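Go ahead and model the full structure; you've got the sequences and the hints to work with.
If you're matching them up, the sequences are chains A and B in order. Using the working numbering, the first residue of the first sequence is number 1, and each one after it goes up by one. Using the working numbering, the first residue of the second sequence is number 1, and each one after it goes up by one.
For the record, the hints were derived by calculation from the structure and aren't laboratory data. Here the structure is a predicted model, which means the values were calculated and not measured.
Cut-off 20 angstroms, straight-line C-alpha distance, at most; resulting in silico cross-link-like pairs (SDA-like, lysine to any residue):
#1 B:K249 / B:V180
#2 B:K249 / A:A74
#3 B:K234 / B:E287
#4 A:K83 / B:Y156
#5 A:K83 / B:R259
#6 B:K160 / A:A74
#7 B:K89 / A:A73
One-letter residues, chain by chain:
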Amino acid sequence: MPRLAAADARAIARDYHDIALSLGAYRFANWERLSPSRRAELERLQWTLLTYSSDMTARAIELEVDDLDTALAALARAVKSLKRAVKHARDVRAAISAAARAVTLGAAIATGNAVALAAAVGESGS
Amino acid sequence: MRDGAWVIAAMVIASGCVRTGAVGRYAKAAGETAAELPALAEEMRASCVRLEGYREARKGAVDGERGAGAWFARSDLEGRCTERAKAAKRAVVVGRALASYFAALGALADDKVVKYDASVDDLADALEEDARLDGDRVRAVSGLASFAASVATDGYRHLKLSRVIEEQNGNVSTAVDALVEIVGTDYASFLELETTGMESFYRSVLAEGAAREPLAAILVLDARDGKAAALEEKRAVLGKYVKALGTMKSGHRRLYASRRDLNAAVLARELAEDATQLEKLATALREAF
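So, in structure tokens, the structure goes:
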């Protein structure tokens with residue numbers, strides 16, 4: 001049996017709802033002419049059709065999401081990849097930060113004296 | 001020459017920070033909007049329970065089991081909404097996938113170079129103030145070092161971002177389109193069903209008893225107006241969510257179109273507009289739920 005498409009499920013749900021609306025309109029338009037038991041029967045049918053419409057719309061949602069399996073799996077893989085990239089960028093940044101400190105201290109060595117250098121090293125290490 | 005290079009480096013770093021920040025801000029706002037879906041999905045289920053409530057209240061008149069308006073527990077109605085609850089849970093999965101994606105995208109786009117620069121500056125301050133070294137020379141070296149760091153990490157992040165954006169643009173589009181259908185069509189249908197059930201309930205009650213109890217009929221009409229207004233508000237929220245999804249999609253499309261140059265000024269400006277719109281809508285959605 002061919003698989004129902006989300007759009008088909010929506011169309012069926014819409015039809016159920018339209019029939020339910022028509023039944024309601026008929027019941028109220030002919031309220032006085034209909035017997036209480038006939039009115040009750042029409043109302044019962046109306047509520048049943050509303051339930052069918054609700055369930056068919058719910059089915060449309062499930063079918064819609066079923067069709068997304070590939071896209072959602074790809075997005076989940078992308079999230080993992082992005083998280084790894086964030087970690088990698090932090091690692092790189094930490095490594096470069098350490099190197100930058102070394103370069104800056106190099107400038108101190110080139111221009112400063114030993115006492116001042118020791119003070120700078122102490123500051124950067126804290 | 002060295003001082004000039006430092007000034008240029010500082011300008012590049014500053015401009016890079018602002019623009020990449022726009023990508024991060026957009027991604028954060030898009031993620032927060034997607035994260036509002038569970039509340040909307042819960043509304044889908046709640047609408048079913050309300051519809052079943054109207055049906056149950058009419059049961060006496062329809063089936064002759066008990067009088068209209070007789071007491072019943074809400075928990076009795078929950079069991080009739082299992083299909084709706086199941087569907088709502090599936091919709092939440094899509095929202096979560098998008099929220100996670102945008103959060104991860106935002107985390108990578110978010111510029112932490114500023115924080116790094118500050119740590120290098122601390123060291124430069126220490127060298128200048130405590131050691132009384134030549135300030136210009138120390139600043140020039142530390143500025144170039146931080147520039148090298150930002151180029152290395154920005155380059156990597158931009159490369160990774162552009163690759164992921166390129167690969168995922170189609171998937172983001174597909175997922176957002178599905179949510180537009182689920183929210184804009186299916187949730188709208190659920191609200192229409194509730195409206196039909198609500199109108200049928202109140203109209204039936206009035207048709208049966210208005211002539212006999214005219215004062216009670218006025219109260220019933222007031223109650224009906226209140227329910228109708230509440231449903232109208234839910235439709236307005238639905239409209240806002242669909243609009244937010246459209247902005248989310250168009251923003252990602254912008255990222256895709258400019259993926260080779262995520263620092264482009266035009267992209268930053270347009271994304272900032274998208275982010276502002278999403279932030280406003282996300283706030284409105286949070287308040288509505």
